[in-house]
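*Asks:* With the hints as constraints, model all of the structure from the sequences given.
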Amino acid sequence: GDSVTQMEGPVTLSEEAFLTINCTYTATGYPSLFWYVQYPGEGLQLLLKATKADDKGSNKGFEATYRKETTSFHLEKGSVQVSDSAVYFCALKGSGGYQKVTFGTGTKLQVIP
Amino acid sequence: DGGITQSPKYLFRKEGQNVTLSCEQNLNHDAMYWYRQDPGQGLRLIYYSQIVNDFQKGDIAEGYSVSREKKESFPLTVTSAQKNPTAFYLCASSISGTAAGANVLTFGAGSRLTVL
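As they're listed, the protein sequences go chains W and S.
Sequential numbering from 1 applies to the first sequence in the working numbering.
Sequential numbering from 1001 applies to the second sequence in the working numbering.
Calculated directly from the structure, the hints in this document are not laboratory data.
For every residue, glycine included, the Cβ atom is placed at its ideal position computed from N, Cα and C.
A couple of the hints might just be wrong.
Stated by the list, open to error - So, partial list: chain S residues that the calculated Cβ filter (under 7 Å) puts toward chain W:
| id | residue |
| --- | --- |
| 1 | 1042 |
| 2 | 1043 |
| 3 | 1045 |
| 4 | 1090 |
| 5 | 1103 |
| 6 | 1104 |
| 7 | 1107 |
| 8 | 1108 |
| 9 | 1109 |
| 10 | 1110 |
Stated by the list, open to error - Which stretches of chain W does chain S cover? Using the computed rule of at least three CB atoms under 8 Å from a CB of chain S, they are:
| id | segment |
| --- | --- |
| 11 | 29–42 |
| 12 | 45–56 |
| 13 | 102–111 |
To be verified - Derived EDC-like pairs: lysine to aspartate or glutamate, alpha-carbon spacing no greater than 16 Å straight-line:
| id | chain 1 | residue 1 | chain 2 | residue 2 |
| --- | --- | --- | --- | --- |
| 14 | W | 60 | W | 16 |
| 15 | W | 52 | W | 63 |
| 16 | S | 1009 | W | 84 |
| 17 | W | 108 | S | 1054 |
| 18 | S | 1070 | S | 1038 |
| 19 | W | 100 | S | 1030 |
| 20 | W | 100 | S | 1059 |
| 21 | W | 77 | W | 2 |
| 22 | S | 1071 | S | 1054 |
| 23 | S | 1071 | S | 1030 |
| 24 | S | 1083 | S | 1038 |
| 25 | W | 108 | W | 84 |
*Replies:* See below:
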């Protein structure tokens, strides 16, 4: 079945540092890929998405590129802020008919001033 | 503003009691979902519904029940049969079918259930 593997946290960075959170997936066909973010005590919010190979999703300075050859969707940001501290989830939804969304285990990011 | 409302935000339950978590959406979404979140385990799907009066079991449905009598409402009952119910529960919704945005989930703020 479908699966998502993302790097374990927590990840601790200083403000303005470069962020990479790795995400790889296993799925048949051409899934859609997502990054969701969860701030403390809240539900998840969509951060960005990509629906086909080589698509780049971007939002709020975050980017991720759908790499089918490496089955990856790594999240990057050039300069993190304290307000980016949250848990980040990589997710996929399979193609064709109804497919559930499969989530990774989440990566906690802490940005210190 | 459109969104998903979950209540209560915090709930305490004694062992052996059933509890019902409310989920209401005003997004006119056809599909609704319940997830359970435990530390280090990501989100696991409990039940989902693609249309009114129809729902299917997810990966961890044992000990839970749902109903979908109205498009905007998808309550979850945690029964006494659920062996380890203490968790954070998240409700979500989405557009159904192949329309743009059908893949995107909108989440509520969650309900934290603690069994005493």
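*Asks:* Please flag the earlier hints that this structure goes against, numbers listed from lowest up.
*Replies:* Violated: hints 16, 17, 18 and 21.
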